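*Asks:* Here the structure of chain A is known, so what remains is to put chain B in place on it, guided by the hints.
Going line by line, the protein sequences match chains A and B.
Counted from 1, the first sequence has number 169 at position 169 by the numbering used here; the numbering is strictly sequential.
Counted from 1, the second sequence has number 282 at position 282 by the numbering used here; the numbering is strictly sequential.
If you're looking for bench data, these hints aren't it; they were derived computationally from the structure.
Given that identical chains are not distinguished, each listed pair holds provided it fits within a single copy or across any two copies.
EDC-like cross-link-like pairs, simulated, lysine to aspartate or glutamate; straight-line CA separation at most 20 angstroms:
#	residue 1	residue 2
1	Lys214	Glu227
2	Lys250	Glu260
3	Lys169	Glu146
4	Lys169	Asp303
5	Lys169	Glu299
6	Lys305	Glu196
7	Lys61	Asp138
8	Lys61	Glu35
9	Lys183	Glu196
10	Lys192	Glu30
11	Lys305	Asp193
Keep in mind the model is a prediction, meaning the values are calculated, not measured.
2 protein chains.
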Amino acid sequence: MVATMYDLIIVGAGPAGLTAGIYAARYGLETLVLEQSAVPGQISVANVIENYPGFISTSGKELMSRFREHALANGIAIKKADVKKVEDVAGKKIVLTHDEELYALAVIVATGANPKLLGVPGERKLLGKGVSYCATCDAAFFADQEVLVIGGGESAVTDALILSGIASKVYVAHRRDSLRACKVLQQRAFMKDNIEFIWDSVVEEIIGEEAVEKVIMKNVKTGEMTEKNVEGVFIYVGINPNTGIVELEKNDNGFIITNEKMETSVKGIYAAGDCRVSPLWQVVTAVADGAVAAISVQEYVTDLKLMR
Amino acid sequence: MVATMYDLIIVGAGPAGLTAGIYAARYGLETLVLEQSAVPGQISVANVIENYPGFISTSGKELMSRFREHALANGIAIKKADVKKVEDVAGKKIVLTHDEELYALAVIVATGANPKLLGVPGERKLLGKGVSYCATCDAAFFADQEVLVIGGGESAVTDALILSGIASKVYVAHRRDSLRACKVLQQRAFMKDNIEFIWDSVVEEIIGEEAVEKVIMKNVKTGEMTEKNVEGVFIYVGINPNTGIVELEKNDNGFIITNEKMETSVKGIYAAGDCRVSPLWQVVTAVADGAVAAISVQEYVTDLKLMR
Numbered sequence: 001m002v003a004t005m006y007d008l009i010i011v012g013a014g015p016a017g018l019t020a021g022i023y024a025a026r027y028g029l030e031t032l033v034l035e036q037s038a039v040p041g042q043i044s045v046a047n048v049i050e051n052y053p054g055f056i057s058t059s060g061k062e063l064m065s066r067f068r069e070h071a072l073a074n075g076i077a078i079k080k081a082d083v084k085k086v087e088d089v090a091g092k093k094i095v096l097t098h099d100e101e102l103y104a105l106a107v108i109v110a111t112g113a114n115p116k117l118l119g120v121p122g123e124r125k126l127l128g129k130g131v132s133y134c135a136t137c138d139a140a141f142f143a144d145q146e147v148l149v150i151g152g153g154e155s156a157v158t159d160a161l162i163l164s165g166i167a168s169k170v171y172v173a174h175r176r177d178s179l180r181a182c183k184v185l186q187q188r189a190f191m192k193d194n195i196e197f198i199w200d201s202v203v204e205e206i207i208g209e210e211a212v213e214k215v216i217m218k219n220v221k222t223g224e225m226t227e228k229n230v231e232g233v234f235i236y237v238g239i240n241p242n243t244g245i246v247e248l249e250k251n252d253n254g255f256i257i258t259n260e261k262m263e264t265s266v267k268g269i270y271a272a273g274d275c276r277v278s279p280l281w282q283v284v285t286a287v288a289d290g291a292v293a294a295i296s297v298q299e300y301v302t303d304l305k306l307m308r
Numbered sequence: 001m002v003a004t005m006y007d008l009i010i011v012g013a014g015p016a017g018l019t020a021g022i023y024a025a026r027y028g029l030e031t032l033v034l035e036q037s038a039v040p041g042q043i044s045v046a047n048v049i050e051n052y053p054g055f056i057s058t059s060g061k062e063l064m065s066r067f068r069e070h071a072l073a074n075g076i077a078i079k080k081a082d083v084k085k086v087e088d089v090a091g092k093k094i095v096l097t098h099d100e101e102l103y104a105l106a107v108i109v110a111t112g113a114n115p116k117l118l119g120v121p122g123e124r125k126l127l128g129k130g131v132s133y134c135a136t137c138d139a140a141f142f143a144d145q146e147v148l149v150i151g152g153g154e155s156a157v158t159d160a161l162i163l164s165g166i167a168s169k170v171y172v173a174h175r176r177d178s179l180r181a182c183k184v185l186q187q188r189a190f191m192k193d194n195i196e197f198i199w200d201s202v203v204e205e206i207i208g209e210e211a212v213e214k215v216i217m218k219n220v221k222t223g224e225m226t227e228k229n230v231e232g233v234f235i236y237v238g239i240n241p242n243t244g245i246v247e248l249e250k251n252d253n254g255f256i257i258t259n260e261k262m263e264t265s266v267k268g269i270y271a272a273g274d275c276r277v278s279p280l281w282q283v284v285t286a287v288a289d290g291a292v293a294a295i296s297v298q299e300y301v302t303d304l305k306l307m308r
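Pulled out of the complex, with its shape left as it was, chain A reads as follows (with noise of 0.2 angstroms):
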């Protein structure tokens, strides 16, 4: 028997990956996305997004099952599959999964981002038990009850709104005096009555037996410390790329460096979306990312079929 050799494996299907599957399908490259099964996307636990063109206000479920059927109906392959390993040997590429080996003569690594743990005491110990990093997800569970956000960009601000419509109390802890976040969301969070910010403040420690109870908190300028009782914490201090899949050039932060055709340090390997280094990471972005690593895949795979 011989192994399938694909013009293309995709790793990953959210926004980079699904699009880089459409047009490569519509170059006529034979193409497997790789659906990874074991952390969620970012994107499909966002609530709501607004900010996609096309849709005024859509879920990342919603775009996401948009997007997959779109993928789909060009007629390229989608499996689940967890990825251990993406490997060149000898220019021929080796996707390692849970079960097989796969071959292709180009990879495109579209694995995405997940959340930064804060890294204080109790937060493993009650994940799950109050300690969360996605409202959308665990925002149900906290009705009536009063949470902590921490930090102050655009996920803490977006998620203690999506919060405040379902927690009596929604307090947000920033490290500094002032947010991130975007204009129109700040003002939204201001106006909202049951949100109150904690500025120049930090976590220390998260505590409780079998369910969050307490926090204890820093003031950064006065040295201050003191406890908040909370029954849900929620965490936006950044976020960690799925990279370590793969060896190539990454910034100190694990994000895959790219030039502007999403060509890595390794000749046949790209890097789409969440998962490289880039001034945004959006899905207007996400899905540019796909189509351009497809036409570098496009013309890759021409030449080294010619090259036969």
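*Replies:* Below, chain B alone, put in the same frame as chain A:
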């Protein structure tokens, strides 16, 4: 009367301009989008678009009407105006239209580009009915059909190669007896079994009722006229970026040079979409450019206001 000083004026209401508008509005910037009425954008004349994720099949007109609605829903102003000039005067930006002067702290140039017409009978009539200027956009519509590519430059040969993976036969008609495209591209094209060059030949007419049926060609050396039955005609005789209104660093073809933040050679003036040098010109890349330009403007304008 004091003239309005906008935070941002966006010149152009295509995918890049409208997306920049959506993002700018959500960042709380006072934004005006100027919609040129003189020249319809490339997108608005695209009959069928199947590669903007989320819309399996739509038209340029339909998609742009959705984008417009989305921009308006975010509260941005859109105004019809033929822009004559964009100038930087002591850091302030002046946008001169056919009937007024407008002022802004920042400008995004999103004026697009238009393919040069071949200028033969049948070309306009059969646009979108077999006549195309972009294989990435339209090649998939010609699976197992015969097509003719017109031109001998990079775009012609690149797109002939894309077409060769999808169409059954690709003729390339060029007015000279050698190609302008780089050697690598030439070699690839010469090695493809289903690409055939027709040298020293120009197309005099494109014939068809509801769709392209054939072309009439003339050999410029012998004067001999021939007919060729094809179902698609892809024309690459140049692209004109609409960048005459502004003095910025541009490449030899007039496309604006930017960095990855969409910054141009003039501080506070940004470029996005088809009018800038880019590895790919598509709706997906235009929306990404627009979003990135908006975040760059947001940072620039915030800084400007803090310095007051």
